[in-house]
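**Q** Protein sequences appear in the order of chains A and B.
Taking this note's numbering, the leading residue of the first sequence gets 6, the next gets one more, and so forth.
Taking this note's numbering, the leading residue of the second sequence gets 6, the next gets one more, and so forth.
This list has only true hints and no planted wrong ones.
For chains that are exact copies, the list does not tell them apart, and a pair is met inside one copy or across any two.
Below, in silico cross-link-like pairs of lysine-lysine (DSBU-like), each with a Cα-Cα straight-line distance of 35 Å or less:
hint, residue 1, residue 2
1, Lys49, Lys148
2, Lys108, Lys134
3, Lys41, Lys134
4, Lys134, Lys267
5, Lys237, Lys267
6, Lys148, Lys92
These are computed hints drawn from the structure, not numbers from a lab.
Protein chains: 2
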Amino acid sequence: MDKLENNFKRLLLEISFDGRSYGGWQIQPDNPTVQKLVQDTLAKLYSGQDIKLTGSSRTDAGVHAAGFAASFAVPARPYILPDKLKKALNGLLPDSIAVRTVKEVPADFHARFDTAGKAYTYVINLGDKNPFSTHYSWRPHRKLDIERMREAAPHLIGTHDFSSFVVNRDEIDEAVRTIYNIDFQVFGQYLCITFTGDGFLYKMIRCLAGALEAVGAGKISGAELKTILEHKDRRKAPDTAPPYGLFLVKVFYDEQEMADFKLENIRSYRNVPC
Amino acid sequence: MDKLENNFKRLLLEISFDGRSYGGWQIQPDNPTVQKLVQDTLAKLYSGQDIKLTGSSRTDAGVHAAGFAASFAVPARPYILPDKLKKALNGLLPDSIAVRTVKEVPADFHARFDTAGKAYTYVINLGDKNPFSTHYSWRPHRKLDIERMREAAPHLIGTHDFSSFVVNRDEIDEAVRTIYNIDFQVFGQYLCITFTGDGFLYKMIRCLAGALEAVGAGKISGAELKTILEHKDRRKAPDTAPPYGLFLVKVFYDEQEMADFKLENIRSYRNVPC
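Just chain A, with the same shape it has in the complex (with noise of 0.2 Å):
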């Protein structure tokens, strides 16, 4: 530790992909990932330096980021300034990578186990087809009741065993998730689902969007709702919704930020296509 306070920086990354071309965030045999690419950009950077980017969570593959975070450690000399290393990043990385910001954190920061909380939002299409939104929200072919939705989804708020909403349980000891807050709201023909929580499992939020829109279309009620969640088995629960609706919004390092938190901050970045 004290060696790498005298000799190392620690920098965080936020960075904004469009899945569509990612096999996800983290790297992978055979499948191009964003944790990939961003890490031979910053070994050109810094002369061919093997750098090992920590991420803030894994992100399937087609999944977008309005804000991923993800750190590494980088010698204290020479120095790259965080405004130029964001500058020379976003230079290099391909149109579907930007870095948003670059900014020191303490030495012993970790990008994973440092977080708050994590938000991200489901986007769902209530509309026509749209050739400029087809990629970045699912469209159920089936009209939806918002307001069922609205009164279903505090069932799933709070600390619970989310066995129900993960796709592939077995690879996981605990299945103990909380959710603090599940919020929706409509831009034009679009509604936005957006989950605030301590972290979520593999593919949970869409095996929470995907039975939200059963609730919406009447194919399930809020109380069946519950008792799927009570039942702690996957099979009970209505299918996983596509990834590519999907969008991890932010990452919170700070409770207040959290708090604070408003999709309409983040749509001001038109990072979010709703």
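Given chain A, work out where chain B should sit, using these hints.
**A** Coordinates of chain B only, in the frame set by chain A:
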């Protein structure tokens, strides 16, 4: 005409498309075009009949459309109801093309000759790199003074010979056109410049957008813009802006509809990412 009135119906389509994948509207060899795809799909729906679409304009390769207009004639029987036709077309067409409306028009209606005017919006990203808008806006990499642009724009309004703002001038007889209005709106980090006029020449809006950007960047003054217009010589004018910032937003067949037009109304369809 009598024969047409008795045995044929004429239908008008309003079409949205993402220009990224296409060589523009008009059929050409070796390049996928929107006209080709929509015509082929119509032929399938009308049992292999040879259907010819008449488009409102040509639109260059890479340019987007929120409301392109095209009409065609079909035998009166069997008749496919407009709403059914819209649904069938949208189901068969790729994600990048959507039919927004289908309506019956008089037998002698002409999609090009009957236009009252057209509105195009050129989108400029004034802010940071954004993976969700790279293909739908131009990011000029220099600081723009919007007030300077707004003050210079009226030099272009009215009836003028636009020879300085057209590509391939020698291929057309006549470069006189009328611009009714040039409107500037800022949404978040995007500047939307909306041009309304009786018709536009090949790449004319992209030439005008390039010239207004040069004014905003302080490279030419409003007075110089006026002089360039008077020169009637493309070589005197600034560079052409790229196609991916341009949207054909609306084709008007009614003077009143054009007078009432507001970009806000088009944005509510979320077909213009600004």
